[in-house]
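We have chain A already, so just place chain B with the ligands on it with the hints.
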Amino acid sequence: MITAFTVNGQPRRLELDPATLLLEALREHLRLTGTKCGCDDSSCGACTVLVNGQPALACTLLAAGCDGADITTIEGIATDGRLTALQRAFGRMGGAQCGFCTPGMVMAAKALLDGNPDPSDGEIQAALSGNICRCTGYVQILASVRAALAEAAGAAADAARPKAAADAQRRAAGPTPPPQAAEPQSAHG
Amino acid sequence: MSLPSFQLHRPRELAEAVALWTEHGAAAKLLAGGTDLIPSLKQGLFAPDHLIDLGAIAGLTGISRAANGDWLIGAMTRIHEVAEDPILGREFPLLAAAAGQIASPVLRRMGTLGGNLCLDTRCLWYNQSYLWRQSCGFCLKKNGAVCHVAPGGRRCWAAFSADTAPALLVLDASVEIAGPAGARWLPLAELYSGAGDHPLRLGRGEILSRVRLPAAAAGMRGSYQKFRIRNSIDYPLAALALALRREANGAVTARLALTALNPAPVLVAGLERCLAAALAADPPDLAAVVQLVNRAAKPLSTSTVPADYRREMVLIQARRALEACLA
Ligand SMILES: Cc1cc2nc3c(=O)[nH]c(=O)nc-3n(C[C@H](O)[C@H](O)[C@H](O)COP(=O)(O)OP(=O)(O)OC[C@H]3O[C@@H](n4cnc5c(N)ncnc54)[C@H](O)[C@@H]3O)c2cc1C
Ligand code: SF4
Ligand code: FES
Ligand code: FES
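Keeping their order, the protein sequence lines are chains A and B.
Residue numbers 44 to 232, in this note's numbering, belong to the letters of the first sequence in order.
Residue numbers 227 to 553, in this note's numbering, belong to the letters of the second sequence in order.
One should not assume that every hint holds.
Going by beta-carbon spacing under 10 Å, a handful of chain A positions derived as facing chain B [stated by the list, open to error]:
#1 L64
#2 D110
#3 D113
#4 N174
Per the computed footprint, the stretches of chain A lying under chain B, defined by three or more beta-carbons under 8 Å from a beta-carbon of chain B, are [claimed, not checked]:
#5 81 to 90
#6 164 to 172
#7 197 to 203
Just so you know, these hints were derived from the structure itself, not from any lab.
Even for Gly, the Cβ is constructed at its ideal location relative to N, Cα and C.
Isolated chain A (complex conformation) (with noise of 0.2 Å):
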């Protein structure tokens, strides 16, 4: 039968069999890999994606029934190549090792931020509670999350300030420093 739906802003029809899930869907026929196969039955999260901006287990859903929906893959968020604020903070807090779980995570979290620009940890913590991760003991996504809700908060503030006073700030407190947290913690020392 066939299935049209939008992946990550572009139009799609397939011809697939009404047994196919949405998670083969997007790796097999449309080889968009992002999406990771954890579990298979519906309890890790790896899967998670946006249908219709609310997240969902591909592995869960039948492609068929996504029919005139419109999915994001972790493929689909970043804008001209370059990634979001929470990817990047992924990459820089630890908050990926083996990196099986984060594109579920990352989708789960896009879906928190995107209905509450101003979450607590504990909120951060609920909203990521149905993805595992193996590696990471959770305290890296965690912050993570923040750094990334500090960036877009500093962003705006610095949207928010005149330019003149902003450059002047920036020349009386001499080059700028390494970010604080900018490599992840090694427990190694």
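Quick look at chain B with the ligands alone, frame taken from chain A:
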């Protein structure tokens, strides 16, 4: 993993879905949010020739008020809407608490209230891949002839494990069943057969279409106690709902129900009388009420967590819920 192939139907009207479901009977399955059914299809627990997706039917979703003040919730209303609707949550905080602890945030956006009430029963020997079940020996709920939990008998004891069912039972909810002969309402308790291998009392072609919450249950005090290993993602291993109200004349209206212990959600019989006697003593003696819960709970070795542990937990839950609602 790919699903076994089937013919997919996406009816736009409830009547059309009933007609398809009546026509195909045992060769078909209903698909709501799919969070229970899709993993089960992957495990080979069902191999339907036809799948009837209820997702395109307008009018099966939403929360509304009837003329008499009762609340009506469509079967395809998502769990997160039930958990997060502010007005429903104010009137029935117990339902919001139970719905808000189901699975994970993403699964709550996908799963529906109807799917939750019609959830298949669960067992360690059943919710496994085909290969796992083949290796360990099939059981009588699927492909086999013996029960590994109670090997002497011919009954299946798989545990009914939905969270909204006990909350809705104690709130005195009823469900509307649409079928080939029209629609009928029945008290929620009558939806369940008590048999683990065919847990629902639904006839051929019947679909749960709406849930009704009586206005009289609004504003009752409630407590939902859920035990699971992780506080997200996991199904309950023992859970209990209590709704309670002290009436103006001093009498107490109270109902208590269990889930994830027996093959059906259980409304504990005789609770109100037992509680009244317990409260008449000074200080109140809740031990007899806890004993009543103990007699109603029938945990068996259907999960990796031992049955004895789940029994201990439900007794603690009973005490905690009573203390919370009586405080
Ligand atoms: C990892 C994981 C954790 C989970 N944890 C929990 C939990 O903690 N608590 C809990 O309660 N559930 C849990 N679930 C189960 C499930 O997510 C929810 O119960 C959900 O509400 C089911 O709804 P659904 O619409 O997805 O059901 P579906 O999977 O679509 O359907 C479930 C069953 O009900 C039947 N059905 C659906 N709608 C109707 C209808 N209107 N009339 C008649 N039959 C119908 C289907 O044929 C199917 O047999 C979990 C699931 C997963 C995968
Ligand atoms: S209770 Fe027995 S028959 Fe039922 S699923 Fe478990 S092992 Fe199978
Ligand atoms: S792969 Fe979909 S939830 Fe794990
Ligand atoms: S980074 Fe490896 S699973 Fe999360």
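- Item | Non-conforming hints, listed in increasing numerical order | Structure breaks hints 3 and 7.
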